[in-house]
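So you can see what is in the structure, the chains are spelled out below.
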Amino acid sequence: MGERQETERPKKRIPMREQPPGERARNFMEVPYGYTAEEAVEEASRCLQCLKPMCRLGCPVLVDIPAFIKLIREGRFIEAAWKIKEDNALPAVCGRVCPQEIQCESLCILGKKGEPVAIGNLERFVADFERDAGEIRVPEKLPTTGRRIAVIGSGPAGLACAADLAKLGHHVTIFEALHKPGGVLIYGIPEFRLPKIIVEREVDYIKKLGVDVMVNTVIGKLYTIDELLTEGRYDACFIATGAGLPLFLGIPGENLNGIYSANEFLTRANLMKSYLFPEYDTPVKRGRSVAVIGGGNVAMDAARVALRLGAEKVHLIYRRSEAEMPARRAEIHHAREEGVEFNTLTNPVRFLDDGKGNVSGVECIRMELGEPDESGRRKPVPVKGSEFTIPIDVAIPALGTRSNPLLVSNVPGLGLTKKGYIVADEETGMTTKKGVFAGGDIVTGSATVILALGAGRKSAQAIDDYLKWKFWDTRKFAPS
Amino acid sequence: MYRIARKDILSEAVVSFEIEAREIANKARAGQFFVLRIDERGERIPLTIADFDRDRGTITTVFQKVGKTTHHLATLGEGDSISDVVGPLGTPTHIDRFGNVICVGGGVGIAPIFPIARALKHAGNTVISIIGARMRELIFWEEKMRSVSDKLIVTTDDGSYGRKAVVTVPLDELLTNNEDIQRVYAIGPAIMMKFVCITTQKHRVKTIVSLNSIMVDATGMCGACRVEVGGETKFACVDGPEFDGHAVDFDVLMARQRMYLSEEKEALEHYRKKKEVS
Ligand SMILES: Cc1cc2nc3c(=O)[nH]c(=O)nc-3n(C[C@H](O)[C@H](O)[C@H](O)COP(=O)(O)OP(=O)(O)OC[C@H]3O[C@@H](n4cnc5c(N)ncnc54)[C@H](O)[C@@H]3O)c2cc1C
Ligand SMILES: Cc1cc2nc3c(=O)[nH]c(=O)nc-3n(C[C@H](O)[C@H](O)[C@H](O)COP(=O)(O)OP(=O)(O)OC[C@H]3O[C@@H](n4cnc5c(N)ncnc54)[C@H](O)[C@@H]3O)c2cc1C
Ligand code: SF4
Ligand code: SF4
Ligand code: FES
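Chains as they are written, first to last, in this note's numbering: chain A, 1 to 480; chain B, 1 to 278.
So here's chain A without its partners, still in its complex pose (with noise of 0.2 Å):
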């Protein structure tokens, strides 16, 4: 039978169709339209099922990839999706927004030669075949063990972490600061790339296992993580806050009207459905010719939500070149599809007024690439006398995010790295604080969906240790 299938196996991946660029650019609905079930066991059929499958070290959960490939070849979708979900809560999510050509295809063994399998389409594929059989399946739980967590902040984190100890028996109440739970999921990644159904169902999930989801709750203003611990009777508290403090340039010019954090744009338009106002009551800025400026997933987002808006130029300005955007390639692909014109080597140096208090253009520079700098990459450097002008009237500063202090400056006991993040064991997310783990984006700085789940599950599993030993290491922390 083996054999079989070696002559059959397509040598080139099945390609996912999606919506014509031209149409997609002006719609806010998903671009890819997902495999047919057919499409879809072809695609696994090109899968060797290595016994040493190299594809599931680059997973950072270690998904059992050729597993759930060979139960999609069977046609066994939903087992194969239950599979997936061993390891990973959210194939539904992961499938469409990790990095996948430098996590698990990067390292599959046929992308040597030729094209890896597309493991991130046939995740994707069985989730939502999954969703759309209504079966999704609520995982038998431990019995109740009475023992009562806190978990701060709904992302992805806070999501696998209150997933797994409700699994285990224990009581989980999710707090979450926004009026609705998902994290960046929710408020970031737009509905084209990730529709919020999808997010929705995911948060329904984890209902289903008993899990209560506080929304409107801001922790370290309404409640304090002490209060949590004595007043509100928990036993222990995750902190998942993500890092959500947009940066900003610091030319210029960046407070005039029409510049935007990519957070406060995304927001507007993701969270607040500012895309459908006045339906929706808040308002965003639908710019004519809309500067964004930085390379990365959160840049190509602002970027194809500001031609969404309706914007005729969309210049995407970033200042090192496009083999060091940070970006996923789908993402940059998908923009440049669809129309957004790319300025690299390019830095804007102060945003121009029109005398009414709006931004009527950006200032910018040439930059060339100079000698490496500590990292290994070659620095950019400016190239005088190369300013120009580009006549804007929205501005997306999207050049990444910090800790946001509202909530962890202001912990007693709690140790925090220089820039604001919070100091936790890698493998076990314990703090320096007894009682309190944190996971995702607040230790690690910005990262990635996969990182943070990830996270969040490690420390679910040392939160369960620690409830029955109440054993707390922090040799670890001690100044060396």
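The hints are simulated quantities; they were obtained by calculation from the structure and are not laboratory data.
Careful: at least some of the hints might be erroneous.
[Said to hold, decoys possible] 16 Å max Cα-Cα, derived EDC-like pairs, lysine to aspartate or glutamate:
#1 B:K274 / A:E279
#2 A:K180 / B:E264
#3 A:K208 / A:E279
#4 A:K70 / A:E39
#5 A:K434 / A:D235
#6 A:K180 / B:D84
With chain A fixed as given, assemble chain B with the ligands onto it according to the hints.
Then chain B with the ligands, alone, in the frame of chain A:
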């Protein structure tokens, strides 16, 4: 869902709600605000916690009908519910025993100045309060303010009630005649706070203002609320809303408040049309 326990119509344009939100009431302190969203399609807007009742488990807000959300809000009545209420937000007012202080509330700013005046009074300060509005019917909470003030001055622009003056006139007189004022607190329209600060700067009296910039999340995540204070960019929702008024760039604040003028007009018209149809 958060129930409206009581509604009072203070004037044609100003309404007060007592909203059931026990946890927030337990924690609220002078100078803090909350964010509400009426329903699924609603905008998040910040309003000051003008009062709170820990026994009843309610917070009180006084708001002025200016655009879509506040007009819509004013149509709700006792027993109706608001989808989202988040708070308490912002840094509480720094309350201490300073000595003699002046609290100035302009227009709907009378409401947020009240809890500050009360806290200052409780801390043992001598509190002189000035409340002002365009005309008589826009003055509210006069008795409430009197109950927490050693002296209360009421002004109206048109002289229909109290003294015919803008609030800065009696303020300037007080500061001229009384050398011994340690602090001034001012809340009201940006332009009023700006002129209060110009007045108090002349007399070198430290002045605290509460900045009402446009907000979205109000947790420090978006930067919509950024203001310039002492040449630095600050986020009003978490670094404030109170700042040293003499360091605030009010022109930036006022320009940023006008960011959505055309959209706000559109939103209000859209809302009115929809209401007519239904
Ligand atoms: C626009 C954008 C696009 C991205 N695209 C990708 C992508 O394609 N692929 C990928 O892998 N990663 C992507 N990322 C990164 C990824 O989303 C994050 O790494 C991940 O969401 C981090 O998860 P988290 O659980 O640590 O925190 P978050 O998702 O940030 O969630 C934190 C939650 O905590 C809440 N919170 C904060 N403070 C408090 C408080 N005091 N009290 C209560 N609640 C609080 C917040 O409101 C938020 O809901 C993207 C990020 C952004 C912003
Ligand atoms: C910390 C703080 C406390 C406040 N306390 C009070 C209060 O106690 N009583 C009161 O009447 N008003 C208060 N405001 C102002 C109130 O938030 C606005 O009047 C309200 O948002 C207007 O919404 P709208 O849709 O009715 O009007 P719109 O037509 O949308 O706007 C009218 C004006 O209100 C301001 N505004 C609009 N949207 C927002 C927003 N999301 N956030 C902040 N301002 C906005 C703008 O300057 C705008 O020009 C406060 C604002 C802040 C920042
Ligand atoms: S979770 Fe992400 S990295 Fe892991 S297998 Fe799935 S797509 Fe690949
Ligand atoms: S490395 Fe590639 S071919 Fe091998 S098991 Fe993984 S996905 Fe299949
Ligand atoms: S309102 Fe978003 S940071 Fe202040």
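Hints and how they fare:
1. This hinted pair checks out: K274 (chain B) and E279 (chain A) have alpha carbons roughly 10 Å apart, not beyond 16 Å.
2. For the suggested pair K180 (chain A) and E264 (chain B), the alpha carbons sit about 24 Å apart, so the restraint of at most 16 Å is broken.
3. For the proposed pair K208 (chain A) and E279 (chain A), the alpha carbon gap of about 32 Å is over 16 Å, so the pair is violated.
4. At most 16 Å may separate the alpha-carbon atoms for a hinted pair to count; K70 (chain A) and E39 (chain A) meet this at roughly 14 Å.
5. Between K434 (chain A) and D235 (chain A) the CA atoms are separated by roughly 10 Å; this keeps the pair inside 16 Å, and the hint holds.
6. Our distance criterion of 16 Å between C-alpha atoms is met by K180 (chain A) and D84 (chain B), whose separation comes to about 10 Å.
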